[in-house]
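Construct the complete structure from the given sequences, taking the supplied hints into account.
Number of protein chains: 2
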Amino acid sequence: MLAGLMQQVPLTLNLVRERVADLYPNKTVMTRYCDRIHVISYAELLGRAGQLANFLAEIGVERGMRVATLAWNSHRHLELYFAVPCMGAVLHTINARLHALDIARLLAHAEDRVLFVDRSIWRTVGTEIELPSSVHHVVIMEDESDDALDPSTPAGRSATCYEDAIARHGRAFAWPALDENEACGLCYTSGTTGDPKGVLYSHRSATLHTMACLFADGIAMRERDVCLPAVPMFHANAWGFPYAALLAGASLALPCRQTDAASLVELIEAAQVTMATAVPTVWIGLLDHLSKNPSATARIASLKRLPVGGAAIGQSFIDDFARLGIDVMHCWGMTEISPLGLTNIARSDLDADETRSTRTAQGLPIPGCRLRTVDADGERCAQDGKRSGELQISSPWAAAAYFAGSTGQATAADSFVIDEGRAWLKTGDIATIDPHGYVRIVDRAKDLIKSGGEWISSQALELQIMNHPDVREAAAIGRPDPKWQERPLICVVLQSDSAERRARFAREYRDYLAAFFPKWQIPDDVIFSTDLPKGKTGKIDKIALRKAMAGS
Amino acid sequence: MLAGLMQQVPLTLNLVRERVADLYPNKTVMTRYCDRIHVISYAELLGRAGQLANFLAEIGVERGMRVATLAWNSHRHLELYFAVPCMGAVLHTINARLHALDIARLLAHAEDRVLFVDRSIWRTVGTEIELPSSVHHVVIMEDESDDALDPSTPAGRSATCYEDAIARHGRAFAWPALDENEACGLCYTSGTTGDPKGVLYSHRSATLHTMACLFADGIAMRERDVCLPAVPMFHANAWGFPYAALLAGASLALPCRQTDAASLVELIEAAQVTMATAVPTVWIGLLDHLSKNPSATARIASLKRLPVGGAAIGQSFIDDFARLGIDVMHCWGMTEISPLGLTNIARSDLDADETRSTRTAQGLPIPGCRLRTVDADGERCAQDGKRSGELQISSPWAAAAYFAGSTGQATAADSFVIDEGRAWLKTGDIATIDPHGYVRIVDRAKDLIKSGGEWISSQALELQIMNHPDVREAAAIGRPDPKWQERPLICVVLQSDSAERRARFAREYRDYLAAFFPKWQIPDDVIFSTDLPKGKTGKIDKIALRKAMAGS
Chain A
4 MLAGLMQQVP
14 LTLNLVRERV
24 ADLYPNKTVM
34 TRYCDRIHVI
44 SYAELLGRAG
54 QLANFLAEIG
64 VERGMRVATL
74 AWNSHRHLEL
84 YFAVPCMGAV
94 LHTINARLHA
104 LDIARLLAHA
114 EDRVLFVDRS
124 IWRTVGTEIE
134 LPSSVHHVVI
144 MEDESDDALD
154 PSTPAGRSAT
164 CYEDAIARHG
174 RAFAWPALDE
184 NEACGLCYTS
194 GTTGDPKGVL
204 YSHRSATLHT
214 MACLFADGIA
224 MRERDVCLPA
234 VPMFHANAWG
244 FPYAALLAGA
254 SLALPCRQTD
264 AASLVELIEA
274 AQVTMATAVP
284 TVWIGLLDHL
294 SKNPSATARI
304 ASLKRLPVGG
314 AAIGQSFIDD
324 FARLGIDVMH
334 CWGMTEISPL
344 GLTNIARSDL
354 DADETRSTRT
364 AQGLPIPGCR
374 LRTVDADGER
384 CAQDGKRSGE
394 LQISSPWAAA
404 AYFAGSTGQA
414 TAADSFVIDE
424 GRAWLKTGDI
434 ATIDPHGYVR
444 IVDRAKDLIK
454 SGGEWISSQA
464 LELQIMNHPD
474 VREAAAIGRP
484 DPKWQERPLI
494 CVVLQSDSAE
504 RRARFAREYR
514 DYLAAFFPKW
524 QIPDDVIFST
534 DLPKGKTGKI
544 DKIALRKAMA
554 GS
Chain B
4 MLAGLMQQVP
14 LTLNLVRERV
24 ADLYPNKTVM
34 TRYCDRIHVI
44 SYAELLGRAG
54 QLANFLAEIG
64 VERGMRVATL
74 AWNSHRHLEL
84 YFAVPCMGAV
94 LHTINARLHA
104 LDIARLLAHA
114 EDRVLFVDRS
124 IWRTVGTEIE
134 LPSSVHHVVI
144 MEDESDDALD
154 PSTPAGRSAT
164 CYEDAIARHG
174 RAFAWPALDE
184 NEACGLCYTS
194 GTTGDPKGVL
204 YSHRSATLHT
214 MACLFADGIA
224 MRERDVCLPA
234 VPMFHANAWG
244 FPYAALLAGA
254 SLALPCRQTD
264 AASLVELIEA
274 AQVTMATAVP
284 TVWIGLLDHL
294 SKNPSATARI
304 ASLKRLPVGG
314 AAIGQSFIDD
324 FARLGIDVMH
334 CWGMTEISPL
344 GLTNIARSDL
354 DADETRSTRT
364 AQGLPIPGCR
374 LRTVDADGER
384 CAQDGKRSGE
394 LQISSPWAAA
404 AYFAGSTGQA
414 TAADSFVIDE
424 GRAWLKTGDI
434 ATIDPHGYVR
444 IVDRAKDLIK
454 SGGEWISSQA
464 LELQIMNHPD
474 VREAAAIGRP
484 DPKWQERPLI
494 CVVLQSDSAE
504 RRARFAREYR
514 DYLAAFFPKW
524 QIPDDVIFST
534 DLPKGKTGKI
544 DKIALRKAMA
554 GS
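The listed protein sequences correspond, in order, to chains A and B.
Sequential numbering from 4 applies to the first sequence in our numbering.
Sequential numbering from 4 applies to the second sequence in our numbering.
Keep in mind that the hints were calculated from the coordinates and are not lab data.
Beta carbons are placed, not taken as given, at the ideal position from N, Cα and C, and that holds for glycine.
Be aware that a few hints might be false.
A few chain A residues that face chain B, going by a derived Cβ cut-off under 10 angstroms, partial list only [stated by the list, open to error]: (1) K30; (2) D220; (3) A403; (4) F419.
What follows is the structure in structure tokens.
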């Protein structure tokens with residue numbers, strides 16, 4: 004092989020860190036804590052990341068070790084985004100909305116060495132987490148001013164508060180030279196579907212994904228942007244927006260956990276946000292707020308762009324924001340692809356009707372992503388906008404396997420296939436691709452319910468309900484919901500059906516499930532039946548069930 | 004090392020080729036040949052690239068072999084841009100403006116296996132090229148309709164015409180899986196400064212550079228663009244614009260060699276060009292044309308963006324185009340960095356005065372490029388916009404060494420330095436960096452003259468003039484020129500100075516130099532002197548000389 008003679012500069016997040024230090028030291032990140040607004044320059048942020056790295060080195064964090072976070076969107080979480088990967092460790096961002104049992108399971112599976120946790124989370128769900136033995140150290144982050152919380156809470160563990168931990172250390176850290184294929188981040192797709200499935204990002208995948216967020220046809224992050232990622236930083240790195248903002252030199256506004264409309268309006272106004280991102284539920288809440296508080300519209304005048312993902316959106320959603328002068332761009336992705344794969348850009352070669360009708364498609368592949376749909380036999384489907392098949396992705400920022408963790412076994416190998424001389428990730432979504440390349444997700448192969456941007460496993464719900472002594476058969480499905488996009492609904496066939504037993508079950512099932520699931524995952528309603536529709540193989544036919552329940 | 008578990012998708016130009024096939028088969032490339040306009044779809048172009056790859060495989064072109072081109076900007080040249088690298092061979096684009104002696108030297112140094120040459124070039128300078136033995140095959144490309152030229156011209160070589168060569172082959176080609184570090188292209192910085200210095204691009208460097216051309220803060224290539232690279236495709240891949248256009252899905256308009264204003268106006272109108280790029284000389288010609296032909300202004304109304312590089316520009320240049328609704332963006336680069344390193348983006352944190360005054364700076368580093376200036380001791384200079392030092396670059400698309408070629412020896416190793424834990428390319432330019440990161444080139448360390456975007460070696464001129472029996476001392480410098488930016492001027496001290504000898508030398512030097520240099524490199528004027536200014540080490544002080552000659 005004749006090798007090119009170009010510099011071997013590894014694609015690592017150090018490129019982002021160094022660029023910010025060189026060019027954007029005075030740009031800022033503003034965090035809206037529940038009781039105050041906090042502003043810090045990027046120079047200060049990186050200095051504190053250096054202090055943090057020194058602290059982590061001191062307590063024994065080495066290359067490749069996992070460092071967990073249970074935190075909302077804040078400047079401290081952002082400091083972890085740089086300190087942990089740039090020192091060669093792996094940032095494991097855990098979904099703070101999970102049940103304590105699931106959080107403990109993830110900590111154990113990932114063998115996290117340290118847990119960084121927001122004080123507000125530690126005070127609530129935190130008290131119920133049984134920390135696995137791998138966790139040597141807990142660091143409590145001061146997201147609320149109440150410092151009554153004793154940092155020595157976890158029995159037998161070293162514990163400290165974040166500000167105390169870093170205060171003793173200098174800002175200079177000897178950032179090591181990293182290999183671009185080293186792991187930099189870990190994110191689990193769902194803690195509720197049996198085995199947790201961890202996606203282990205590499206510096207290379209994260210850096211390329213970050214670069215892709217700067218493409219003019221796409222997210223188009225620019226220096227003059229002020230970016231508000233309202234999607235949690237535990238969801239695939241807040242869709243990559245924080246890293247993209249820093250690479251582009253944009254300022255950041257972080258909402259902590261306050262993504263209610265009033266708080267967002269306040270933050271948008273305070274930071275003069277130009278671009279924000281979250282699941283549709285959040286923005287539906289904002290529209291609702293504006294309709295009740297028309298004067299708030301002027302306060303968000305700086306907001307121009309809204310890349311939206313996590314659930315499908317309709318034309319009226321797009322139109323409502325267009326009337327406010329805000330351009331909605333439909334995006335699509337998943338944790339396994341870092342997560343962005345599609346952005347909805349209007350092609351110049353569409354006519355007016357096509358332009359309008361494609362606005363609600365999930366979008367076109369981002370340069371660097373190659374997509375295809377395949378039928379049940381694994382053959383490519385025609386890209387005619389009609390034939391649907393499983394969507395599969397080849398990209399340097401798509402997963403090739405799940406993280407085996409402490410079990411030592413890679414899981415869900417059937418999510419990956421080698422074909423046409425390359426690896427493909429099987430997304431589990433059913434889609435069409437039209438002749439212009441626009442992808443539409445038409446059904447979900449995976450049996451999941453998506454509520455407010457969070458996944459709920461119907462399988463996990465069904466298993467627990469089936470364990471109830473009164474239940475013979477059960478199915479959980481998503482029911483369309485104007486606010487949450489979907490809410491779970493359970494359909495139950497009782498062992499000995501009677502009006503009395505139905506009434507009792509309807510009264511009791513919430514308490515029964517609360518031992519296993521966080522509150523927001525518990526179905527709002529139960530529908531009783533004497534039979535559930537079945538497919539040829541005897542499995543419950545969820546599509547038929549969803550149709551039958553459409554009016555419930 | 005804990006490796007991430009992401010797909011290992013190699014960064015190769017196949018990503019561009021495949022994306023175009025998937026998404027943009029119906030976008031087009033329009034070529035303005037001297038006597039006709041030719042349009043072809045990208046699907047057709049890639050099909051022909053497949054035919055071309057089959058032909059090249061048939062005549063023995065293997066992985067890593069060099070394939071030379073001597074060609075202007077045309078669809079056939081673009082077919083070579085894909086066929087050659089994507090089959091694993093190396094595209095060596097030779098500057099068609101060089102002297103036949105230099106072209107022969109480059110062909111020999113690169114050990115090119117095949118030479119693709121435009122018929123118009125083959126008919127002129129081509130007849131004077133002594134082909135080295137490495138060149139087994141010559142393919143003549145039909146850039147003019149005159150087919151009187153006998154393709155068997157080169158004695159003892161297999162020769163054919165392009166259309167005949169590919170016609171016999173199918174469009175399907177088994178594109179191999181490539182390593183991203185394989186060489187894909189070769190470009191020499193100058194054939195006139197002693198040893199040729201070849202930059203051997205890798206697929207990785209070319210692909211990352213192509214991605215960088217899509218960044219919103221920068222070239223910002225978009226699908227809705229129609230891009231006219233008027234910079235020749237033999238200059239660092241036309242600054243990377245053709246690959247960027249195809250990755251973004253933009254259409255292309257290629258001017259062949261017709262970059263005179265009238266031809267450009269015609270092409271801009273015909274293709275509805277939105278963005279064009281070339282050295283300032285070309286655009287100064289366009290402004291001049293428009294001032295004489297005001298009606299032509301309406302014909303270029305589609306043109307909105309003008310990324311300009313290759314020479315410094317002034318505020319009046321920017322203002323003149325702004326009045327036409329065209330946004331000029333200063334860019335800077337060099338063959339060694341693929342070539343883009345800086346783009347002039349207005350930062351949002353500048354005040355109005357700063358915004359205006361920075362417009363003429365060379366720009367800000369593109370994400371992925373890290374720049375520094377160092378003083379004579381190799382110490383970093385302060386980024387205060389005042390202290391100047393040599394500009395050095397670290398980037399995955401910057402060269403780490405020059406191609407040794409058939410000589411087996413890497414040349415000019417003093418262009419590269421390892422420091423701060425990474426490789427730096429020493430650009431040879433003297434620059435300042437201001438606190439916002441804007442780079443200004445303030446002087447040229449390398450002693451080169453730049454005329455109409457092409458380099459002229461003052462050293463090579465001086466050596467030949469010094470060989471003239473009447474000359475005692477000589478220096479060649481660039482004199483500012485309204486059209487060509489710089490034109491060479493020679494300052495001569497004669498052996499026995501007299502009015503008669505001066506007159507004779509002034510009459511004869513052009514013919515004398517014509518044996519060694521192409522016409523455009525020959526100095527327009529000679530200035531006689533009895534002495535030349537010298538520095539402390541006895542070397543001619545070019546800076547003092549340029550000042551003294553400023554009015555000549």
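Which earlier hints turn out false for this structure, listed by number in ascending order?
-> Failing hints: none at all.
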